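*Asks:* Sequence positions in the sequence shown follow the numbering used here and run 151 to 352.
Worth flagging that the hints you see were computed from the coordinates, not collected in a lab. Just so you know, these numbers come straight off a predicted model, no measurement behind them. Note that the Cβ used here is the ideal one computed from N, Cα and C, for glycine as well. Some clues are possibly wrong.
Each pair of labels, with its calculated beta carbon distance range [what the hints assert, rightly or not]: (1) Gln-336 <-> Asn-177: 39 to 45 Å; (2) Glu-202 <-> Ser-240: 22 to 28 Å; (3) Glu-202 <-> Phe-155: 31 to 37 Å; (4) Gly-214 <-> Leu-304: 20 to 26 Å; (5) Ala-201 <-> Leu-302: 14 to 20 Å; (6) Lys-330 <-> Ser-169: 42 to 48 Å; (7) Ile-318 <-> Ile-153: 41 to 47 Å.
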Amino acid sequence: MSIDFFLFGLFSSFALISSLMVVNLKNAVHSVLFLILVFCNVASLLLLFGAEFLSFMLLIVYVGAIAVLFLFVVMMLNVKSIQLKLNFFSLVSLGCLIFFILFIQVLGIIQEFNFFSLQQSYLTWTSWLLGNCALTNIEVVGGVLYTKYSFLFLLSGLILLVAMIGAIVLTMHQRTDVKKQKIELQLTRNFQGATKFMYLRK
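Use the sequences and the hints to build the structure in full.
*Replies:* Here you go:
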């Protein structure tokens with residue numbers, strides 16, 4: 151067993167267990183923490199596959215921004231637990247349907263790329279000049295993202311902006327029982343009546 155296969159099994163198993171904990175836990179804060187763990191494991195898998203740009207972008211955007219925003223919103227709204235009364239058989243049927251759709255998609259990808267075909271690998275010489283002139287991973291992703299999928303990229307940024315504004319609006323609730331400091335009243339107050347001496351007779 152190679153070290154790459156061992157790391158792939160380790161990260162994928164941790165990602166699967168963490169995703170199940172996100173769905174099954176009733177505490178929202180714990181669910182968000184396990185969601186961050188899922189993102190870290192998926193980023194490790196992408197780094198293992200050689201997509202270092204996507205891996206670091208997943209860590210920066212999802213773990214560093216979106217998951218932390220979810221955590222702050224959950225903690226500010228004080229959402230401890232969710233009491234839901236759902237039918238178990240309806241959840242099982244919906245889960246089986248989603249699993250069947252994802253299984254068909256994964257099976258189609260496996261048949262298209264033929265991952266399980268054993269091909270003998272040979273050592274090849276690569277010219278340094280040709281490798282230096284080739285496009286890097288960041289250039290390829292940027293060329294596809296900002297040309298073919300530019301509209302979807304801008305639309306996702308707009309959706310994230312609306313989500314951020316909605317989270318700010320949800321957390322900005324005015325309370326009437328909070329005592330606030332009024333600087334103008336404190337500055338106009340007479341200092342002579344601020345203190346009062348009391349003499350107690352024994």
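*Asks:* With respect to the beta-carbon atoms only, verify the hint that Gly-214 and Leu-304 lie 20 to 26 Å apart.
*Replies:* Given a distance of about 21 Å, which is inside 20 to 26 Å, the answer is holds.
*Asks:* Cβ-Cβ distance between Ala-201 and Leu-302: within 14 to 20 Å?
*Replies:* holds (19 Å)
*Asks:* Indicate whether the distance between the beta carbons of Gln-336 and Asn-177 respects the range 39 to 45 Å.
*Replies:* holds (43 Å)
*Asks:* Is it true that the C-beta distance of Glu-202 to Ser-240 lies inside 22 to 28 Å, as the hint says?
*Replies:* With Cβ atoms ~42 Å apart, the hint is violated.
*Asks:* Could you tell me whether the CB distance from Lys-330 to Ser-169 stays inside 42 to 48 Å?
*Replies:* Distance hint for Lys-330, Ser-169 holds at roughly 44 Å.
*Asks:* Confirm or reject the claim that Glu-202 and Phe-155 have a C-beta distance inside 31 to 37 Å.
*Replies:* Given range 31 to 37 Å: violated, Cβ gap about 19 Å.
*Asks:* Do the Cβ positions of Ile-318 and Ile-153 conform to the proposed distance bound of 41 to 47 Å?
*Replies:* 45 Å Cβ-Cβ, so the 41 to 47 Å window holds.
Hint violations for this structure: numbers 2, 3, all remaining hints satisfied.
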